[in-house]
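> Spelled out, the chains give:
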Amino acid sequence: MTTREISYSEAIREAMAIALDSDPAVILMGEDIGTYGGAFQVTLDLIDRYGPERVMDTPISELGGAGVAVGAALTGLKPIFEFQFSDFAALAMEQIVNQAAKLRYMLGGEASVPVVFRMPAGSGTGAAAQHSQSLEAWFGHVPGLKVVQPSTPEDAKGLLLAALADPDPVLIFEHKLLYKMKGPVPEGAYTTPIGKARIARAGRDVTIVAGAIMLHRALEAAEKLAAEGIDAEVIDLRSIRPIDHETILASVRRTGRLMVVYEGVKSYGVGAEISAMVAESDAFDYLEAPILRLGGAEAPIPYNPDLERVAVPQTDGIEAAARSLVRGEV
Amino acid sequence: MPVEVILPKVDMDMSHGTLSAWHVAEGELVRQGAALFDIETDKAAMEVESPATGYLHHVTAKEGDRIAVGAVIGWLYAEGEEVGPAPAAAAPAPAEEPAAKPAETVSAPAEIAAPVAQTDKIRATPAARKAAREGGIALASLTGSGPRGRIQGSDVAQALAVYRQPAASVAEWSPQPGPLAVSTRGGEGVPLVMIHGFTADSQSWMPLEKAMGRARPLIRIDLPGHGKSPRRRIASFADLARMLVEAFDDATRAHDQVHLLGHSLGGALALAIADIRARKLTSLSLIAPAGLGPEVDAEALTGIIRASRAESLAPWLRRLTASPDTITDDYARAAMATRRDPELRAAQADMAQSLFADSTQCFDLRPALARLETPAAILWGREDRILPARHALAAGSECAIHRVEGAGHIPQYECPEPVARILARHLAGAEATAG
Amino acid sequence: MADPDNRPFAIRQYAPDQLREALRRMYLIRRFEEGAEQSYMRGLIHGTMHLSIGQEASAMASCIELSDQDKITSTHRGHGHCIAKGADVGRMFAEFFGKETGYCHGRGGSMHIADVKTGNLGANGIVGGGIPIAVGAALSAKKLGRPDVTICFFGDGANNEGAFHEALNMAAIWKLPVIFICENNKYGMSTPAAYATAVPNIADRAAAYAMPGVTVDGNDFSAVAEAVHNAIARARAGEGPSLIENLTYRWRGHSKSDRNRYRTKEEIEDWIAKDPILRFRAELITHGILDEAEAGAIEAAAAEAVEQGIEFAKQSPAPSVTDVTRYVYAEA
Numbered sequence: 000m001t002t003r004e005i006s007y008s009e010a011i012r013e014a015m016a017i018a019l020d021s022d023p024a025v026i027l028m029g030e031d032i033g034t035y036g037g038a039f040q041v042t043l044d045l046i047d048r049y050g051p052e053r054v055m056d057t058p059i060s061e062l063g064g065a066g067v068a069v070g071a072a073l074t075g076l077k078p079i080f081e082f083q084f085s086d087f088a089a090l091a092m093e094q095i096v097n098q099a100a101k102l103r104y105m106l107g108g109e110a111s112v113p114v115v116f117r118m119p120a121g122s123g124t125g126a127a128a129q130h131s132q133s134l135e136a137w138f139g140h141v142p143g144l145k146v147v148q149p150s151t152p153e154d155a156k157g158l159l160l161a162a163l164a165d166p167d168p169v170l171i172f173e174h175k176l177l178y179k180m181k182g183p184v185p186e187g188a189y190t191t192p193i194g195k196a197r198i199a200r201a202g203r204d205v206t207i208v209a210g211a212i213m214l215h216r217a218l219e220a221a222e223k224l225a226a227e228g229i230d231a232e233v234i235d236l237r238s239i240r241p242i243d244h245e246t247i248l249a250s251v252r253r254t255g256r257l258m259v260v261y262e263g264v265k266s267y268g269v270g271a272e273i274s275a276m277v278a279e280s281d282a283f284d285y286l287e288a289p290i291l292r293l294g295g296a297e298a299p300i301p302y303n304p305d306l307e308r309v310a311v312p313q314t315d316g317i318e319a320a321a322r323s324l325v326r327g328e329v
Numbered sequence: 000m001p002v003e004v005i006l007p008k009v010d011m012d013m014s015h016g017t018l019s020a021w022h023v024a025e026g027e028l029v030r031q032g033a034a035l036f037d038i039e040t041d042k043a044a045m046e047v048e049s050p051a052t053g054y055l056h057h058v059t060a061k062e063g064d065r066i067a068v069g070a071v072i073g074w075l076y077a078e079g080e081e082v083g084p085a086p087a088a089a090a091p092a093p094a095e096e097p098a099a100k101p102a103e104t105v106s107a108p109a110e111i112a113a114p115v116a117q118t119d120k121i122r123a124t125p126a127a128r129k130a131a132r133e134g135g136i137a138l139a140s141l142t143g144s145g146p147r148g149r150i151q152g153s154d155v156a157q158a159l160a161v162y163r164q165p166a167a168s169v170a171e172w173s174p175q176p177g178p179l180a181v182s183t184r185g186g187e188g189v190p191l192v193m194i195h196g197f198t199a200d201s202q203s204w205m206p207l208e209k210a211m212g213r214a215r216p217l218i219r220i221d222l223p224g225h226g227k228s229p230r231r232r233i234a235s236f237a238d239l240a241r242m243l244v245e246a247f248d249d250a251t252r253a254h255d256q257v258h259l260l261g262h263s264l265g266g267a268l269a270l271a272i273a274d275i276r277a278r279k280l281t282s283l284s285l286i287a288p289a290g291l292g293p294e295v296d297a298e299a300l301t302g303i304i305r306a307s308r309a310e311s312l313a314p315w316l317r318r319l320t321a322s323p324d325t326i327t328d329d330y331a332r333a334a335m336a337t338r339r340d341p342e343l344r345a346a347q348a349d350m351a352q353s354l355f356a357d358s359t360q361c362f363d364l365r366p367a368l369a370r371l372e373t374p375a376a377i378l379w380g381r382e383d384r385i386l387p388a389r390h391a392l393a394a395g396s397e398c399a400i401h402r403v404e405g406a407g408h409i410p411q412y413e414c415p416e417p418v419a420r421i422l423a424r425h426l427a428g429a430e431a432t433a434g
Numbered sequence: 000m001a002d003p004d005n006r007p008f009a010i011r012q013y014a015p016d017q018l019r020e021a022l023r024r025m026y027l028i029r030r031f032e033e034g035a036e037q038s039y040m041r042g043l044i045h046g047t048m049h050l051s052i053g054q055e056a057s058a059m060a061s062c063i064e065l066s067d068q069d070k071i072t073s074t075h076r077g078h079g080h081c082i083a084k085g086a087d088v089g090r091m092f093a094e095f096f097g098k099e100t101g102y103c104h105g106r107g108g109s110m111h112i113a114d115v116k117t118g119n120l121g122a123n124g125i126v127g128g129g130i131p132i133a134v135g136a137a138l139s140a141k142k143l144g145r146p147d148v149t150i151c152f153f154g155d156g157a158n159n160e161g162a163f164h165e166a167l168n169m170a171a172i173w174k175l176p177v178i179f180i181c182e183n184n185k186y187g188m189s190t191p192a193a194y195a196t197a198v199p200n201i202a203d204r205a206a207a208y209a210m211p212g213v214t215v216d217g218n219d220f221s222a223v224a225e226a227v228h229n230a231i232a233r234a235r236a237g238e239g240p241s242l243i244e245n246l247t248y249r250w251r252g253h254s255k256s257d258r259n260r261y262r263t264k265e266e267i268e269d270w271i272a273k274d275p276i277l278r279f280r281a282e283l284i285t286h287g288i289l290d291e292a293e294a295g296a297i298e299a300a301a302a303e304a305v306e307q308g309i310e311f312a313k314q315s316p317a318p319s320v321t322d323v324t325r326y327v328y329a330e331a
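Protein sequence lines correspond, in order, to chains A, B and C. In terms of numbering that gives the first Met the number 0, the first sequence is residues 0 to 329. In terms of numbering that gives the first Met the number 0, the second sequence is residues 0 to 434. In terms of numbering that gives the first Met the number 0, the third sequence is residues 0 to 331.
By construction, these hints were calculated from the structure, which means they are not laboratory data. It cannot be assumed that every hint is accurate.
[What the hints assert, rightly or not] Lysine-lysine pairs mimicking DSSO-like chemistry, simulated, CA-CA at most 30 Å apart:
1) B/Lys61 x B/Lys42
2) B/Lys61 x B/Lys129
3) B/Lys209 x A/Lys265
4) A/Lys195 x A/Lys223
5) B/Lys61 x C/Lys264
6) A/Lys181 x A/Lys195
7) C/Lys313 x B/Lys42
8) A/Lys223 x A/Lys181
9) A/Lys195 x B/Lys129
10) C/Lys141 x C/Lys185
11) B/Lys227 x B/Lys279
12) B/Lys227 x B/Lys209
13) B/Lys209 x B/Lys279
14) A/Lys179 x A/Lys265
15) B/Lys42 x C/Lys174
16) B/Lys42 x C/Lys264
17) B/Lys120 x B/Lys227
18) C/Lys185 x C/Lys264
[As the list claims (entries may be wrong)] Which chain C residues stay away from chain A? Per the calculated CB distances, all over 10 Å, these:
19) Thr47
20) Gly89
21) Ala113
22) Asn259
23) Glu266
24) Ile284
The beta carbon of each residue, even a glycine, is placed where N, CA and C say it ideally should be.
All chains, please: the whole structure from these sequences, using the hints.
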């Protein structure tokens, strides 16, 4: 399989094109995903290649649109529904949480809802409080959903194809700042398994778990720390539900220190889940320091660029926190 | 056919209801749909309509009764229908629970621990706690190198490394339940029970154990207020001896015969045990046993008990040995680490008060030594400065006396090889005699 | 529809066997609901449930033309729809009793009763929750080139949910084969539809979405059947959705916790007098589809089937408590 450098959004688009080519049941739905090409130009020219019957612009009806996608998935289609911003999923919580997540269970396994929701997420674009949130933990709390968060173009493609192959509803949180990031992506079809984390950088002094844009900040921090002799292991979380217990626990057993870095609001979030998971496991016995969470501020995402920057973890903060953790200052 | 009147379920979580009032007296006619009785649940009061038209008979519930859902509380008879004895209920009243209750069995209720006073708690990382647990070392005995004095895993590893020299692995010892800490190590042959001296603990046998090699099973008992035993206070030597006899009995229950070895205060206790458990013992070995005369270097004991740092402990430990070089600074630090627990030091100070009041050994085992029938040997370092070796002269004609060259009060630590050889011969000889 | 022989639509349209079967299912619904109520009162059913006694014509006449490939989405008051669509009452009781043999293996209960194999995508505990899903099912039929239609049942309360409006709009712009059937039983729990809804008839809402909207007597089997027949024809012809409002009444309270404080005994009795089953039965007898004895036999057979269903449910095994997380995700 040949690999070349393409962007995160190109990788997603490529995955959707592969799916549209290989499975007539696949349709795309979303607001302005046709001629406009999607708010972030992810669907771009797919309407020209596959036509409006397969690439359907929906009215501005998040609840209804998500519900139509759920009903379609229940009856034979495989819709990929794009929320223009993941924040707008709040309008569709009913269909995602009460319907998509629970139909299989409520119907005793007699039904399946293979829908994929694409969720552009995250701050850093100046879009302020209602267009910048990282809400993945909300959905991580719901049994019946699967929630993934690709950090690289390769995973953006592989996780989308895995989501389509999955018989259950999958939410893909795509960080808006990553859309233009380029990286090596294999050609053709392949899947990245849902529920498997990846050790992005091996190290022995501290485990840093991060996803999406935070992975790249954590890796950057780890390189700076390496110059001081601090050897951080960085785990790309990739999947929030199901979560990869074993990779994280095994790493903590090796390093004895854990830091979770995520953009969502710090309290009640992904960091809490991972911290608790370690605290409840045998890996607890290997801890040489308290667990640290670096999460978003307890505030909506602000508009002012300086405020926006400090509202979520940045490279320097990750570096400083990891340093003090390893030096035994915490 | 009469129609049954049941107490209906009218609320979601209802399993019982209270019949608050009948609207119809027994024997009266009631029309279908008319109010028949009122029930009250936790949430509401409600009127229940008559399920049929008829005369009410065989009423089994009176006002105020709490009744299970589905229970038959009366019967309605049609006009002219013969009222015989009460019919059997059509369906068994409150039938089986509709479904299992997964939630109750799957998630246990969370327990909230009572808040613990901070002073009771030791600040240590989980890794340190695990290492200490597995290494058999008390966290309280360690000084932490982490922030705010937190004990790190590396602190425990360091302490264990020093402490274990030259001992065998601690992990092979398994603790035994009982009022005193008892640990055993498996092996072949007649077991050897070992009782350490004042201010020491079971770990102090390690050099000797190594010199003896792996053969017979070993049973180590920690004195109260020492090692891993509870920090119990004792009132007198007799009190202490009683506890040791109990621990000895518990620890040796599985064995017909054992060898018994005691050092210093442990020697006195071994003698006390031998005095009443002679038939259980194949042999008795005493290393610098206490209780054979009044003199004791109480100053050294007090010094050890009082010491709160390695620097103040080391000089007193050096008084235990013939050569001061035997006690290195590292050894003193490790020994201090095991004595860090203030409760341990308090218990030992208290014990010193009752056993060694006024710098005197307040207990006398010489009568016991005189009565001794068990094959016995006494070992004493030539340069013991804590208990005078001449106390050994109280021994009778059949008791061997070995003076260990180059050793002070703790020959088993200072010269483990010769001590092991002496013990091996003594134990083998006793077994041959017994056999 | 004008008709030379003056007989009701249903009598003209459907074969006698079909009509007798419709009567049988309406009695089955009635006896099922009564059996469920009895079982509930005896503590055999926990939770709550919403009985559709009085609404049998609406359920049955709406489903009479459907095949197993056609879909329905149902509501919390969904027992009748389920039976009308062809479900087995034994497996329904088993579900209500929380048994492994129930349609949802004891995971759904009354409020999520479904029978996917006969095209019933399930009752729904969320008011209006099934409406977008029905539109999605219609979208599947259209995209996959299947001739199926979807009937979307909802109550008068749901017509004020955002999901109703969003879904009707999408069904209309994409001309999807879906029939929206509002069972207007006058009350959303206790709130009168007349109070809560700005338009006099819920069918008037159809104008906003450029689809036909009709209000019919929901207790008149033939009237409902005719309206639905026309809507199905339109849907199958690719002309898009329709909205039908069946005016009906639930004899019982909203749920088992209802104290009936918001309506009078007189009103309830008025509606009980308009029993849709007796009305349909009389119509069938009048037009010679069956005689009194045959009708009696159908009624008795329904009662018998319900008793057997309850017995089956009682005897059925409960799910294993270790399987609490089973069916959350597809099994590998």
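> Could you run down the list of hints and mark each one as holding or not?
We went through each hint and held it up to the structure:
no., hint, result
1, B/Lys61 x B/Lys42, "holds, 21 Å"
2, B/Lys61 x B/Lys129, "violated, 64 Å"
3, B/Lys209 x A/Lys265, "violated, 54 Å"
4, A/Lys195 x A/Lys223, "holds, 27 Å"
5, B/Lys61 x C/Lys264, "holds, 29 Å"
6, A/Lys181 x A/Lys195, "holds, 22 Å"
7, C/Lys313 x B/Lys42, "holds, 29 Å"
8, A/Lys223 x A/Lys181, "holds, 22 Å"
9, A/Lys195 x B/Lys129, "holds, 29 Å"
10, C/Lys141 x C/Lys185, "violated, 34 Å"
11, B/Lys227 x B/Lys279, "holds, 26 Å"
12, B/Lys227 x B/Lys209, "holds, 21 Å"
13, B/Lys209 x B/Lys279, "holds, 26 Å"
14, A/Lys179 x A/Lys265, "holds, 26 Å"
15, B/Lys42 x C/Lys174, "violated, 49 Å"
16, B/Lys42 x C/Lys264, "holds, 24 Å"
17, B/Lys120 x B/Lys227, "holds, 17 Å"
18, C/Lys185 x C/Lys264, "holds, 15 Å"
19, Thr47, "holds, 16 Å"
20, Gly89, "holds, 15 Å"
21, Ala113, "violated, 5 Å"
22, Asn259, "holds, 28 Å"
23, Glu266, "holds, 33 Å"
24, Ile284, "holds, 39 Å"
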